[in-house]
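Engineer: Residue numbers (the working numbering), protein chains in the order written: chain A, 50 to 387; chain B, 50 to 387; chain C, 50 to 387; chain D, 50 to 387.
Because the hints were derived from the structure by calculation, they are not lab data. Some hints could be false.
Chain copies aren't distinguished; within one or between two, either way the pair holds.
List of simulated lysine-lysine pairs, DSSO-like, C-alpha gap at most 30 Å [to be verified]:
id, residue 1, residue 2
1, 138, 311
2, 377, 327
3, 112, 327
4, 385, 327
5, 55, 69
6, 354, 112
7, 200, 221
8, 311, 354
9, 377, 354
10, 252, 76
11, 311, 112
12, 377, 311
13, 138, 377
14, 76, 354
15, 138, 252
Here is what each chain is made of, one letter per residue.
Number of protein chains: 4
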Amino acid sequence: MIIVLKAEASEQDANEILDKIASLGLKPLYMPGVERTVLGALGDERVLRQLHLDAYPMVDEIKPILSPYKLVSRELQAHDSVISVGGVKVGGNTFSVIAGPCSVESEEQLFGISQMLKQQGITMLRGGAFKPRTSPYSFQGLGVEGLELLKAAREEFGLKIVSEIIDPNDAKLMHDYIDCYQIGARNMQNFRLLEAVGEQSDKAVLLKRGMSATIEELLLAAEYIINAGNPNVILCERGIRTFETATRNTLDLNAVAYLKQKTHLPVLVDPSHGTGVKSLINPLSRASVAVGADGIIVETHLNPKEALSDGHQALTADDFATLMADIKPFVAATGKSL
Amino acid sequence: MIIVLKAEASEQDANEILDKIASLGLKPLYMPGVERTVLGALGDERVLRQLHLDAYPMVDEIKPILSPYKLVSRELQAHDSVISVGGVKVGGNTFSVIAGPCSVESEEQLFGISQMLKQQGITMLRGGAFKPRTSPYSFQGLGVEGLELLKAAREEFGLKIVSEIIDPNDAKLMHDYIDCYQIGARNMQNFRLLEAVGEQSDKAVLLKRGMSATIEELLLAAEYIINAGNPNVILCERGIRTFETATRNTLDLNAVAYLKQKTHLPVLVDPSHGTGVKSLINPLSRASVAVGADGIIVETHLNPKEALSDGHQALTADDFATLMADIKPFVAATGKSL
Amino acid sequence: MIIVLKAEASEQDANEILDKIASLGLKPLYMPGVERTVLGALGDERVLRQLHLDAYPMVDEIKPILSPYKLVSRELQAHDSVISVGGVKVGGNTFSVIAGPCSVESEEQLFGISQMLKQQGITMLRGGAFKPRTSPYSFQGLGVEGLELLKAAREEFGLKIVSEIIDPNDAKLMHDYIDCYQIGARNMQNFRLLEAVGEQSDKAVLLKRGMSATIEELLLAAEYIINAGNPNVILCERGIRTFETATRNTLDLNAVAYLKQKTHLPVLVDPSHGTGVKSLINPLSRASVAVGADGIIVETHLNPKEALSDGHQALTADDFATLMADIKPFVAATGKSL
Amino acid sequence: MIIVLKAEASEQDANEILDKIASLGLKPLYMPGVERTVLGALGDERVLRQLHLDAYPMVDEIKPILSPYKLVSRELQAHDSVISVGGVKVGGNTFSVIAGPCSVESEEQLFGISQMLKQQGITMLRGGAFKPRTSPYSFQGLGVEGLELLKAAREEFGLKIVSEIIDPNDAKLMHDYIDCYQIGARNMQNFRLLEAVGEQSDKAVLLKRGMSATIEELLLAAEYIINAGNPNVILCERGIRTFETATRNTLDLNAVAYLKQKTHLPVLVDPSHGTGVKSLINPLSRASVAVGADGIIVETHLNPKEALSDGHQALTADDFATLMADIKPFVAATGKSL
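Using the sequences and the hints, build the whole thing.
Structural biologist: Written out as structure tokens, the structure reads:
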């Protein structure tokens, strides 16, 4: 429920209502604005009715939040959220490009890629230390050693670090090594993991859509994180599973446009997993720009043939330079800047 | 099989080989180029081997066509096909916009829309006279009366006509009324219909992808039309059926980029059916431009609320003007012109 | 709308109401029962209201048909329809087995299979003369020659013939050769084909579910045939297209149980296409029996390796004997007979 | 790699080879049989080649395991695994029925259901204490209090307990309360959870297929558990996500038959989630029996209308009695016993 206060309402008026909300076991929200203060009350429908807000003269308007998701909804917050990844802004008037290898493999590999990205003006590095792999016999990532390498790359090149978390117990550990937790498609409904990054950190969380998750389920997964205490969520469309086998997944750009209308959170696109075909990454990156995404996250590798995972879809240094040149005029057409 | 002749080969050399190809029951293809003449031979692998092309001194190179589709393949023809719709070009350096109502309903309706489109610089009008409807109790279209209205709109406004064919027996009848046959998603594998427009006409055919057809099946359906004698095929991605229900279909822009690499035929996008949500048509149209599509086909209606079919996804005159303004900078960014 | 007449209503009372229904342009239905006569009126909601049935004293009860499909609905007819295929009954207390090759290839092939089936007690032979193939370069069937062979098998072995129709123009031609038209998955929404077998014949029609058709769309496709005049429709689940690639299709037995509740028409299962894997045909046939299907249609071939189409999923004579033995106790458990 | 020893090989011969396997960092497996001893070596292909098994005279035959999954494969173990759930056997010649409420709600609710199940001869009770819910605002389960109630039901009625685990940290805690961990569809690829129940317990694990997981991915998820040390895995098909909306999921019985051929693990079916429609549970349970499943797991509730979750698909006491009577003749037809 959204509670719009009158222009003349004082902070004390707001607090009085917030106390009432909390006293009933509901979740109170305080959203001061330039002209008006807006309050929120989240919880059970029947309890919400017990608020009797008509008794508060400073309440101007009451609006229910119709969608099943609340905190992520544009009904609650109309303007775009801009999320900080170690100080770098994602969302708003920026088109972000996050790049890096699927897996962290060695210092040589990671520093080589970091240098290349730095030269291209990239400020955020992705790289997996913990890899969720379909087979227990596949390379599972370097673990803490990988995190150390990421931290070293951060210090050496000033890049902000995006890395995947797969265990709720790692939330605290990773906090010092990274600037943004990534939650992968397979873990989108690993609710304990969502709660862990929501409760134990205020660092940004890049939440990828599950491979057969509906848009509503993605928004409710984001709601778990924010409800647990961390509002810094970035969504990511990475392709859904369909009958088509020519591409690894079917990138759902409908979902990106739809999400931008329903939520105030930034929405990125992962064209590497979304297509699984190297030659399709550029056209789909351009399309992601044009559809209104807030950025892309792409896999790069200086020697894709020797990559320990996902080499077939990794861009080389030359490929990446071409990609950046390729999307530039489209970013300009949106009025955003890289 | 593709047979590249030497630069000094004469037309007679080519004919000799073509005769040999035909004599074995194979399909001969003659593709003269500026520098070299290229021949094709299509048919059973085992028979192809009986050609013994090493016996012809003017043959420079022989290449197998690896894909199951041949005539539509870029392996056979590397450059883009540009298809004429009543003289208007689709493909190449043009971004085409085809617009009009789902169903032709009346002269007033059709002329009103036509005038609006004309003012927006649109040259191709879509409108259904024969409607394939899920229920036998739904409006089935005006039939020949609808075709008459389309013809009248063509004469009055100079618009080229795109209209759906659903019965092989209508191919000859429709020929005089329209400039481009549309084959709908439900009929993509109605092989007798594909053969009918292939054999009985040389007018353009806009072939829509079936709602659960793979990209390869779409290309093989196009192959049916060309193999039957009509090379003027335009492909159209219109959304596929997935688990997601927030949108009517999932527009597969991966497929558009993939098709542009595999075939020389133009590829359009239908964002109206591809999303089924009016507010998503503009962002997905921009994305279609950026991904490399050769155009879009959109549903428009001056009074969507009174439309006899698909009113919820039809753009009004104002919506349409906004759409055109919206895509303009993105078309410019591709280097194409509207 | 369903109109239940009072027990004492005469045939003249019924006719009076039927005339009124027809006079308004609605479709009248006459369904005399042992105790009561039931009438039906189908058409536009607003016109239905103009019937003013309260003016007829012999009307006992009026019930709307809530589903979008009417003639196929159990709301209209509660008891199971039993459909005759050349005198052999499908539906009710029988579990039917239709078998035969994917394509008719030669007299030797067809007679060999027919003899084998006859020995197994099978009475209905399937075999394609017109084949809808994904590629124009694949074997397209023997055409009329194939129909002649099917007719010969009918005469020689007394088998009833089930064969696919792919062109509305063939409805009359095929009528003399076959006992049951088959409409394949790709043509489920080829509405002109549905109308052709509905208008031009009263022979049974085996309607297969499209590979991404919803259950409701299947029922509406059947409604097209019955609405056009032919009530003898048999439905067939043959697998839907999903992300799973271990099997050719995903056989949807949920749909069979759901259909049996919603419609009075018989429902068969095609485990050959539904799995595409020979070793899965027996277990899924048993499951089809148990879920309540009215029969199965399976592909058989005496030399699967030499089959011109679908050889990998065809059962040999031995396989088929095993299948029959395998399903027998499960058919007994349902209380039906083979 | 599977290593078949000669009949005359001694235990010492086996140990020698197992030591060699282990010394190279490969995983050794010891599978003594009545006539022959079979050994296994799992790990990197290149290392496997370094075993030089031709040097061991007691090695009779060496066979590679072709599938990507090894420990779960029938290539490794041809005979059916029978898994103990607190002493009750699942798999082999038994058809198991596990039943109970979606969520544990109260002692009254749980004991009521337990008594009813006991009367029906059921020995395994399912009930969720930790519920993975799409929305953070939905009932999340009673947690440890729920586990206490389950333990009480075990003591009172002698039922074996099956309950869902959603956090790797709960593996040890739950060990004392339950007889079988359930891993839900959303957590099928929560690899840390798979490892937790694999490493920290030897109790049975019921692993449900993810809603868009391929069969191979399910087998590899099971491989994670066994590879971590716990061989007692039971698989469960619970419906996959497709375009069809008439049912909550599409129950994939193809997968059950396919799994029974590829793996030695027992395979159950969950017709409650697999259909989401109460009236479809019985026919699909019968089909599950007939297709060769080793059992079913169904949701029951004495007052479905008051259930805190999934009430619409829960069977009442009467429904459940009907279900048991309904499947009985089909179980008999398979030669198994309830």
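Engineer: Can you list which hints this structure breaks, lowest number first?
Structural biologist: none
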